[in-house]
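Generate coordinates for the entire structure from the input sequences, incorporating the hints supplied.
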Amino acid sequence: MKNLFNYRTVLGNIRIVEEDGKITNLLFYNEPYPKEYEIKETEILKQANIQLQEYFKKERKTFDLPINIKGTPFQQKVWDILKSIPYGETRNYKEIANQMESKTKIYKSIGSSCNQNPIPILIPCHRVIGVDGDLKGYKGGIEMKRFLLHLESN
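In the numbering used here, the protein residues as written are 10 to 163.
If you're looking for bench data, these hints aren't it; they were derived computationally from the structure.
Where a beta carbon is used, it is the ideal one built from N, C-alpha and C, also for glycine.
Treat each hint with caution, since some may be false.
[Stated by the list, open to error] With a Cα cut of at most 25 Å, we get these calculated SDA-like pairs of lysine to any residue:
(1) K86 to K145
(2) K103 to G120
(3) K145 to Y46
(4) K92 to E47
(5) K145 to Y116
(6) K103 to K55
(7) K70 to I151
(8) K44 to K66
(9) K11 to K67
(10) K117 to L74
(11) K114 to I138
(12) K67 to M10
(13) K66 to E52
(14) K49 to P82
(15) K103 to G21
(16) K148 to I48
(17) K86 to K114
(18) K79 to K67
(19) K79 to E110
(20) K79 to T51
(21) K67 to Q84
(22) K103 to K31
(23) K49 to K86
(24) K79 to K66
(25) K67 to I90
(26) K55 to K66
(27) K31 to K79
(28) K145 to K55
(29) K70 to K114
(30) K148 to N15
(31) K86 to G150
(32) K70 to R136
(33) K11 to P43
(34) K92 to K44
(35) K11 to E110
(36) K114 to N101
[Claimed, not checked] Using C-beta positions, here's what the derived DEER-type ranges look like:
(37) Q108 to E50: 31 to 39 Å
(38) T51 to S121: 39 to 47 Å
(39) K66 to N107: 33 to 41 Å
(40) S121 to K11: 31 to 39 Å
Here you go:
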């Protein structure tokens, strides 16, 4: 059974989801969630909220929560690379493709994997920018991405 709880943050309401003691999803206020999730605050959800609140107060730069994400092998590889981008830094799609040792231009596939990231912020897809330095799409919207990058830059 997946448990979900709603928390108030500087970004608005965020829903955090866990299953079997591991975080599986972080949903922004505008994202729907399956109705079969049980609305119940568990210990791991409390810890996730505490760590997020610390992050928003600039008291935390990394997260140490157990996570369980499902995706294709390609997505898993992209998400692992995203987790390695340090707080306050960004990488562009080309740099990520180079880390994947790809011989082809897979920027769109990387962007798609970022968009399908089930645990934004914890897996920091907001740290990925365009090759030209422009902010590209983000599940929570470009303004939220800009906010998160600004938060980490100061």
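The hints, checked one at a time:
Annotation: proposed proximity of K86 to K145 holds, straight-line Cα distance about 20 Å (limit 25 Å). With a C-alpha separation of about 11 Å, the suggested pairing of K103 with G120 holds against the 25 Å cut-off. For a cut-off of 25 Å, the pair hint linking K145 to Y46 is broken: about 31 Å separates their Cα positions. Restraint check for K92 and E47: not satisfied, since their Cα atoms lie roughly 28 Å apart, outside the 25 Å limit.
Between the alpha carbons of K145 and Y116 the distance comes to roughly 12 Å, so the proposed pair stays at or under 25 Å and holds. Taking the CA atoms of K103 and K55, the gap is about 37 Å. The hint is violated against a cut of 25 Å. A distance of roughly 21 Å separates the Cα atoms of K70 and I151; the hinted pair therefore holds under the 25 Å criterion. For the given pair, K44 sits about 32 Å from K66 by alpha-carbon distance, which is inconsistent with the 25 Å threshold.
Simply put, K11 and K67 have alpha-carbon atoms about 29 Å apart, too far for the 25 Å limit, and the pair is violated. As the CA atoms of K117 and L74 are separated by approximately 29 Å, the hinted pair breaks the 25 Å bound. Between K114 and I138 the alpha-carbon distance is near 16 Å, which keeps this suggested pair within the 25 Å criterion. Proximity of K67 to M10 is assessed by CA-CA distance (about 33 Å); at most 25 Å being required, the pair is judged violated.
Between K66 and E52 the alpha-carbon distance is near 21 Å, which keeps this suggested pair within the 25 Å criterion. Restraint check: the Cα-Cα separation between K49 and P82 comes to about 31 Å, which exceeds 25 Å; the hinted pair is violated. Note on K103 and G21: the hinted pairing is violated, with a Cα-Cα distance of about 32 Å set against a maximum of 25 Å. Between K148 and I48 the alpha-carbon distance is near 23 Å, which keeps this suggested pair within the 25 Å criterion.
Restraint check for K86 and K114: the C-alpha separation of about 16 Å stays at or below 25 Å, so the hint holds. Taking the CA atoms of K79 and K67, the gap is near 29 Å; set against the 25 Å cutoff, the hint is violated. For the proposed pair K79 and E110, the alpha carbon gap of about 22 Å is at most 25 Å, so the pair holds. At most 25 Å may separate the alpha-carbon atoms for a hinted pair to count; K79 and T51 meet this at roughly 21 Å.
Proximity of K67 to Q84 is assessed by CA-CA distance (about 29 Å); at most 25 Å being required, the pair is judged violated. Restraint check for K103 and K31: the C-alpha separation of about 31 Å exceeds 25 Å, so the hint is violated. Between K49 and K86 the alpha-carbon distance is near 31 Å, which puts this suggested pair outside the 25 Å criterion. About 29 Å separates the Cα atoms of K79 and K66, which puts this hinted pair outside 25 Å; it is violated.
Proximity of K67 to I90 is assessed by CA-CA distance (about 23 Å); at most 25 Å being required, the pair is judged to hold. As the CA atoms of K55 and K66 are separated by approximately 17 Å, the hinted pair is consistent with the 25 Å bound. Restraint check: the Cα-Cα separation between K31 and K79 comes to about 12 Å, which is no more than 25 Å; the hinted pair holds. Annotation: proposed proximity of K145 to K55 is violated, straight-line Cα distance about 31 Å (limit 25 Å).
This hinted pair does not check out: K70 and K114 have alpha carbons roughly 31 Å apart, beyond 25 Å. Restraint check: the Cα-Cα separation between K148 and N15 comes to about 18 Å, which is no more than 25 Å; the hinted pair holds. Straight-line distance between C-alpha atoms of K86 and G150 comes to about 24 Å, which keeps the hinted pair within the 25 Å bound. For the hint linking K70 to R136, the alpha-carbon distance of about 13 Å falls within 25 Å, and the restraint holds.
Only pairs whose Cα atoms come within 25 Å are accepted, and K11 paired with P43 is accepted, the gap being roughly 10 Å. This hinted pair does not check out: K92 and K44 have alpha carbons roughly 29 Å apart, beyond 25 Å. About 36 Å separates the Cα atoms of K11 and E110, which puts this hinted pair outside 25 Å; it is violated. Between K114 and N101, the direct Cα distance comes to roughly 13 Å. Compliance with the 25 Å bound is thereby established for this hinted pair.
The given range of 31 to 39 Å is respected by Q108 and E50, whose C-beta atoms sit roughly 37 Å from each other. In this structure, T51 and S121 break the distance hint of 39 to 47 Å, their C-beta atoms being roughly 31 Å apart. Checking the proposed 33 to 41 Å range against K66 and N107 shows it holds: the Cβ atoms sit about 34 Å from each other. Taking the beta carbon of each, S121 and K11 are about 24 Å apart, not inside 31 to 39 Å as hinted.
In this structure, the hints that do not hold are numbers 3, 4, 6, 8, 9, 10, 12, 14, 15, 18, 21, 22, 23, 24, 28, 29, 34, 35, 38 and 40, in rising order.
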